[in-house]
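Chemist: Given next are the chains, with one letter for each unit.
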Amino acid sequence: MIEAQGLVKVYGGKPAVQDISFTVQPGKVTGFLGPNGAGKSTTMRMIMGLDAPTAGRVTVNGLPYARHKAPLRQVGALLDAKAVHTSRSAYHHLRAMAATHGIGRKRVHDVIELTGLGAVANKRVGGFSLGMGQRLGIAAALLGDPQTVILDEPVNGLDPEGVLWVRTLARSLAAEGRTVFLSSHLMSEMSQTADHLIVIGRGRIIADASVQEILDGRGRARTRVRTDSAEGANLLTGALAGPGVTIEAREAGLLEVSGIEPRAIAQAALEHRVLVCELTPLQASLEEAYLDLTRDEVEYHSGDLSGIHDDIAAGTAAAGK
Amino acid sequence: MSTSTVQNRPAGTPAVRPAAGSGVNFLRTLHAEWIKFTTLRSTWILLATTVVVMVGIGLLGGWGVGSGLEELAAEGQDPAAVGLDPQLLYMMTTGGIDFGQLIIGSLGVLLIASEYSTGMIRSTMTAVPDRLSPLFAKALVIALVAAVVGVVSSFATYFLMQPILAQYGQEFGLDVENLVPSMLLSGVYLALASLIALALGALMRNSAGGIVALVVLFLIVPMVLGFIQLDWIQDTLPYLPSNAGRQLLALQIADGDLTQLQGGLVMAAWSAVLLAAAAVVIKRRDV
Numbered sequence: 001m002i003e004a005q006g007l008v009k010v011y012g013g014k015p016a017v018q019d020i021s022f023t024v025q026p027g028k029v030t031g032f033l034g035p036n037g038a039g040k041s042t043t044m045r046m047i048m049g050l051d052a053p054t055a056g057r058v059t060v061n062g063l064p065y066a067r068h069k070a071p072l073r074q075v076g077a078l079l080d081a082k083a084v085h086t087s088r089s090a091y092h093h094l095r096a097m098a099a100t101h102g103i104g105r106k107r108v109h110d111v112i113e114l115t116g117l118g119a120v121a122n123k124r125v126g127g128f129s130l131g132m133g134q135r136l137g138i139a140a141a142l143l144g145d146p147q148t149v150i151l152d153e154p155v156n157g158l159d160p161e162g163v164l165w166v167r168t169l170a171r172s173l174a175a176e177g178r179t180v181f182l183s184s185h186l187m188s189e190m191s192q193t194a195d196h197l198i199v200i201g202r203g204r205i206i207a208d209a210s211v212q213e214i215l216d217g218r219g220r221a222r223t224r225v226r227t228d229s230a231e232g233a234n235l236l237t238g239a240l241a242g243p244g245v246t247i248e249a250r251e252a253g254l255l256e257v258s259g260i261e262p263r264a265i266a267q268a269a270l271e272h273r274v275l276v277c278e279l280t281p282l283q284a285s286l287e288e289a290y291l292d293l294t295r296d297e298v299e300y301h302s303g304d305l306s307g308i309h310d311d312i313a314a315g316t317a318a319a320g321k
Numbered sequence: 001m002s003t004s005t006v007q008n009r010p011a012g013t014p015a016v017r018p019a020a021g022s023g024v025n026f027l028r029t030l031h032a033e034w035i036k037f038t039t040l041r042s043t044w045i046l047l048a049t050t051v052v053v054m055v056g057i058g059l060l061g062g063w064g065v066g067s068g069l070e071e072l073a074a075e076g077q078d079p080a081a082v083g084l085d086p087q088l089l090y091m092m093t094t095g096g097i098d099f100g101q102l103i104i105g106s107l108g109v110l111l112i113a114s115e116y117s118t119g120m121i122r123s124t125m126t127a128v129p130d131r132l133s134p135l136f137a138k139a140l141v142i143a144l145v146a147a148v149v150g151v152v153s154s155f156a157t158y159f160l161m162q163p164i165l166a167q168y169g170q171e172f173g174l175d176v177e178n179l180v181p182s183m184l185l186s187g188v189y190l191a192l193a194s195l196i197a198l199a200l201g202a203l204m205r206n207s208a209g210g211i212v213a214l215v216v217l218f219l220i221v222p223m224v225l226g227f228i229q230l231d232w233i234q235d236t237l238p239y240l241p242s243n244a245g246r247q248l249l250a251l252q253i254a255d256g257d258l259t260q261l262q263g264g265l266v267m268a269a270w271s272a273v274l275l276a277a278a279a280v281v282i283k284r285r286d287v
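So the protein lines, in turn, are chains A and B.
Just so you know, full-length UniProt numbering puts 212 at position 212 of the first sequence, and the rest follows in order with no gaps.
Just so you know, full-length UniProt numbering puts 245 at position 245 of the second sequence, and the rest follows in order with no gaps.
Keep in mind that the hints are not guaranteed to be accurate.
Stated by the list, open to error - With the C-beta cut set under 8 angstroms, the calculated list includes, among others, these residues of chain B facing chain A:
#, residue
1, Arg28
2, Thr29
3, Ala32
4, Ile35
5, Leu40
6, Ser42
7, Thr118
8, Gly119
9, Ser123
10, Val128
11, Pro129
Stated by the list, open to error - The list that follows gives simulated cross-link-like pairs (lysine to aspartate or glutamate, DMTMM-like), each with its CA atoms no further than 25 angstroms apart:
#, chain 1, residue 1, chain 2, residue 2
12, B, Lys283, B, Asp130
13, A, Lys82, B, Asp286
14, A, Lys14, B, Asp286
15, A, Lys28, A, Glu161
Bear in mind the hints are in silico, worked out from the structure with no lab data behind them.
Using N, Cα and C, we set each Cβ at its ideal position, and we do this for glycine too.
Chain A on its own, in the form it takes in the complex (with noise of 0.2 angstroms):
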């Protein structure tokens, strides 16, 4: 559990992070979400005690993190894959950083195992690749079997196998029942591994809510067509036109349709002769929800999530008009 109270960062002047509160609950996957610079890194350096808030307070597992008997024990996290002394062995690292809490070199194997380190742990970390970076953060924030895991852009540069390999580790850690806090500026990452999502922008909080919150609120799904010419897509356009169908005309021949379904719009083509080259359906909508909720953070001052379903829903119909 990771409780987060009117946390404000300011460096030389400039707001990072503006009085955000927050609640990661055990037992799931929960996503950081947010553009670069949004504040996220911050955030999760200040649960670590690494910065000190210039307001508010962060507890995790109800205490601040370093007044933690056995931190890594309670608290494990991947915070920066560059965290490692470049001219030494990640065998040796991890045994160092094992060897605070008096963790023993079971565990230091059984992590490497774990991570997939196997034939690179002799090896110095300076030749590691992003990934293998990434994995050997991953090793080390398990070390202490702890509790809450919290993991900064831990995909980043990880081949597709080990993106699977990470979504995988972060529902089995949450189904555990440990406290799983991700960080990530991919929505289509956290619409496959989160249960629940907090969206910042801007050092604000935009959205708190269950990624089927932040997806029902979206609204329908919408489908991509793109024809042969102009002229095609206006023919169309006017064939599907109807109450409850919304079209969007992204360039030359290429519509976005919701509101009805590809084998309808299908079917419109062929009676209006109009030579369809793609019909797709679009499923990345938490994409889209993630990019309105954070096109214009301005708007948003609070995580009132029914608001923003106002403004999404209100945004869209004004775009299908």
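Start from chain A and add chain B according to the hints.
Modeler: Just chain B now, with coordinates in the frame of chain A:
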């Protein structure tokens, strides 16, 4: 915060948690710092270089002074008349310390500054969030190692020097007054110098900056101030860390100079003040 049933456990995750109640303490932090110290190749290179340079310079000095003394004796001259003194020969057992302090001092700077430059410091301070234990554990590690290096280098210089000096009939015994204490205190001198270096590394958070600060404090400041013929500056000179610490190695103390104990305490005060400043800065600044 209940632990629900285990699902989808990735292969290799141990079901059993490590023994509870096993938290951070200073001994464990010290162990971790020792592992970190010994698992970098640069540590061994710098330690070996320190010993080789200290012994090498001592031997060269001993050879030069020893052969000079023999020539003068052959010509029937009094060495003291040309400024050559057997005391100078004895001092060569610790004659390499000027360079040795800079090399092991660099190791002291790197011990913490390289953690800042690589980002390792964030791992260190996350594992031991009181932040001061890692600093003091590092201090203990580098001070002990520097002390051993100092003593080993001095005795190695002494014993390797005797066969060279024997060719000139200038060999001397360990019973020379103050010689053994001087060789032992060379360890204390290097320990204090490396602590000052560690503190500079922590304050600068930068390897190059820390090493430059070390060279400035130990080499350039004493030299430049030595040129300035103002009384109050000349009065300050003996209290600079390297000048004060040098009294630890002295075989004879001139009237009016700091005694061995006073010199040692002045140098110890430098390291204590700089380490305290480093501790305050580490505690206050964001990592």
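Chemist: For a quick check of understanding: which of the numbered hints are violated here, in increasing order?
Modeler: Going through the list in order, the structure violates no hint and respects every one.
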